[in-house]
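Keeping their order, the protein sequence lines are chains X and Y.
Counted the way the numbering used here counts, the first sequence spans residues 120 to 330.
Counted the way the numbering used here counts, the second sequence spans residues 120 to 330.
Incorrect hints may have been included.
Unchecked claim - In silico DSBU-like pairs for lysine-lysine, Cα to Cα no more than 30 Å straight-line: (1) K298(X) <-> K130(X); (2) K298(Y) <-> K168(X); (3) K126(Y) <-> K300(X); (4) K130(Y) <-> K298(X); (5) K260(Y) <-> K126(Y); (6) K126(X) <-> K200(X); (7) K130(X) <-> K298(Y); (8) K191(Y) <-> K130(Y); (9) K228(Y) <-> K298(X); (10) K228(X) <-> K126(X); (11) K168(X) <-> K130(Y); (12) K191(Y) <-> K300(X); (13) K298(Y) <-> K126(Y); (14) K228(X) <-> K298(Y); (15) K126(X) <-> K126(Y); (16) K228(X) <-> K194(X).
If you're looking for bench data, these hints aren't it; they were derived computationally from the structure.
On a predicted model such as this, the values are computed, not experimentally measured, just so you know.
These are the residues of each chain, in order.
There are 2 protein chains.
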Amino acid sequence: MRRNAPKSVVKRLPVYLRILDNLIRRDVEIISSRALSEETGFTAEQIRKDLAYFGAFGTRGTGYNTGYLREKLLKIIGLDKQTNLVVIGAGHLGKALTRYNISKNPYVKVVGIFDNSPEEIGTDIGGIIIRPMSDLEEVIKNHNVRVAMITVPADAAQDVVSGLADSGITAILNFAPTKLKVPENVYVHNADLTIELQSLIYYAMEDEKQH
Amino acid sequence: MRRNAPKSVVKRLPVYLRILDNLIRRDVEIISSRALSEETGFTAEQIRKDLAYFGAFGTRGTGYNTGYLREKLLKIIGLDKQTNLVVIGAGHLGKALTRYNISKNPYVKVVGIFDNSPEEIGTDIGGIIIRPMSDLEEVIKNHNVRVAMITVPADAAQDVVSGLADSGITAILNFAPTKLKVPENVYVHNADLTIELQSLIYYAMEDEKQH
Numbered sequence: 120m121r122r123n124a125p126k127s128v129v130k131r132l133p134v135y136l137r138i139l140d141n142l143i144r145r146d147v148e149i150i151s152s153r154a155l156s157e158e159t160g161f162t163a164e165q166i167r168k169d170l171a172y173f174g175a176f177g178t179r180g181t182g183y184n185t186g187y188l189r190e191k192l193l194k195i196i197g198l199d200k201q202t203n204l205v206v207i208g209a210g211h212l213g214k215a216l217t218r219y220n221i222s223k224n225p226y227v228k229v230v231g232i233f234d235n236s237p238e239e240i241g242t243d244i245g246g247i248i249i250r251p252m253s254d255l256e257e258v259i260k261n262h263n264v265r266v267a268m269i270t271v272p273a274d275a276a277q278d279v280v281s282g283l284a285d286s287g288i289t290a291i292l293n294f295a296p297t298k299l300k301v302p303e304n305v306y307v308h309n310a311d312l313t314i315e316l317q318s319l320i321y322y323a324m325e326d327e328k329q330h
Numbered sequence: 120m121r122r123n124a125p126k127s128v129v130k131r132l133p134v135y136l137r138i139l140d141n142l143i144r145r146d147v148e149i150i151s152s153r154a155l156s157e158e159t160g161f162t163a164e165q166i167r168k169d170l171a172y173f174g175a176f177g178t179r180g181t182g183y184n185t186g187y188l189r190e191k192l193l194k195i196i197g198l199d200k201q202t203n204l205v206v207i208g209a210g211h212l213g214k215a216l217t218r219y220n221i222s223k224n225p226y227v228k229v230v231g232i233f234d235n236s237p238e239e240i241g242t243d244i245g246g247i248i249i250r251p252m253s254d255l256e257e258v259i260k261n262h263n264v265r266v267a268m269i270t271v272p273a274d275a276a277q278d279v280v281s282g283l284a285d286s287g288i289t290a291i292l293n294f295a296p297t298k299l300k301v302p303e304n305v306y307v308h309n310a311d312l313t314i315e316l317q318s319l320i321y322y323a324m325e326d327e328k329q330h
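Using the sequences plus the hints, can you model the full thing?
Here it is in structure tokens:
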């Protein structure tokens, strides 16, 4: 069942989770899909369809129990137990990612940051020491790491990634501005900031033309 | 015509642009939509449809002239003339974005980075000095800035954004983990790293279950 959920649905699950966190903080116990729609910007129909991929969580006519739905979503996403991850590349972005909002989820933990630059190795990034690339495989194995974030330059990314699949990495968040070739059982998500920015510029210009 | 292009098409334009840059570097002058398909991972049909939104750029039976298509895409996206942008929030991520790959496009220029933290103000980030938020409006007006990247904490983001529309900002790349309310003529793209990471963890776990 879970494997049938389209990528677009999977992408919305963390959005629902965040909204539920906010609702629970405000002591809201029950929420209708209509109210969820107002909070998320997705249609109520979309929300019902999205959640139906994973089971029946709501009660017709009343809505969803926020605490119950949150627990189910944590489980569906895989945030109900600790996920260890590694950051590969200790440039500005790698450092930022290591320190940034990742630490805010108690179940997601950066267990290593790696770089080959001698000036960087040994530097402490919020309690995590930058280690040489030669230590990567050992850390992945010892901490049962499945998720890697790649922030190395484009021309180094493919070499880095080719070794990862053998070490047990199954999901990669790629910030390197290049298309990576990976085995079929590895999932790559490209978080390409240049591309985000360029498509944004298109909209900025649209507006300029209009006025 | 341009305004009719769906978001999904606009998102692919920078991908085509990058592929064309690579092809031109390798002295490839003509490329078929089939070969473009292999390079991008999108279907040839998709590519033909995407480009058809903006005009007729290919020759049936031969393909696209890489240099010509690149120039057209630069123009369509708005990268044929300089785009100035500001980074708001000088935490690790704001600093990384200021230094990161933005500088790699000669037509995209960070003209200011802003923060209210007294320890940060005055710090030099690759030649750009962190300035107080009170200078923001002046910089936006003086440099005719349309695009802002937001990296302030979630609880500060809405306040920051509310002032931006009045200053002339029309496109926002939002890294703050919160949904922003903006006037209709402002386009917001949420580049939420927590959400990217959480949907990635879903796929890492899928794989774990499968094996």
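Between K298(Y) and K168(X), is the straight-line Cα distance small enough, at 30 Å or below? Answer holds: K298(Y) to K168(X) is near 22 Å, not above 30 Å.
Assess, step by step, whether the Cα of K126(X) is no farther than 30 Å from the Cα of K200(X), and give holds or violated. Cα-Cα ~22 Å, so holds.
30 Å Cα cutoff - pair K126(X), K126(Y): 16 Å, holds
Restraint check for K228(X) with K194(X), where alpha carbons must lie at most 30 Å apart: 17 Å, holds
Compare the distance between the alpha carbons of K228(X) and K298(Y) with 30 Å, and conclude whether the hinted pair is satisfied. OK: K228(X) and K298(Y) at ~25 Å, within 30 Å.
Assess, step by step, whether the Cα of K260(Y) is no farther than 30 Å from the Cα of K126(Y), and give holds or violated. Holds, at about 28 Å.
Sort out whether K130(X) lies within 30 Å of K298(X), counting only the CA atoms. 20 Å, holds
Is the straight-line distance between the alpha-carbon of K228(X) and that of K126(X) 30 Å or less? 24 Å, holds
With the threshold set at 30 Å, check whether the alpha-carbon distance from K130(X) to K298(Y) stays at or below it. Since the Cα atoms of K130(X) and K298(Y) sit roughly 15 Å apart, the hinted pair holds (cutoff 30 Å).
Holds or violated: K191(Y) with K130(Y), Cα cutoff 30 Å? With a Cα-Cα distance of about 16 Å, the restraint between K191(Y) and K130(Y) holds, given a limit of 30 Å.
Taking 30 Å as the top limit, are the C-alpha atoms of K168(X) and K130(Y) close enough? 25 Å, holds
Are K126(Y) and K300(X) close enough, with their CA atoms no more than 30 Å apart? 26 Å, holds
Hint compliance for this structure: every hint is met.
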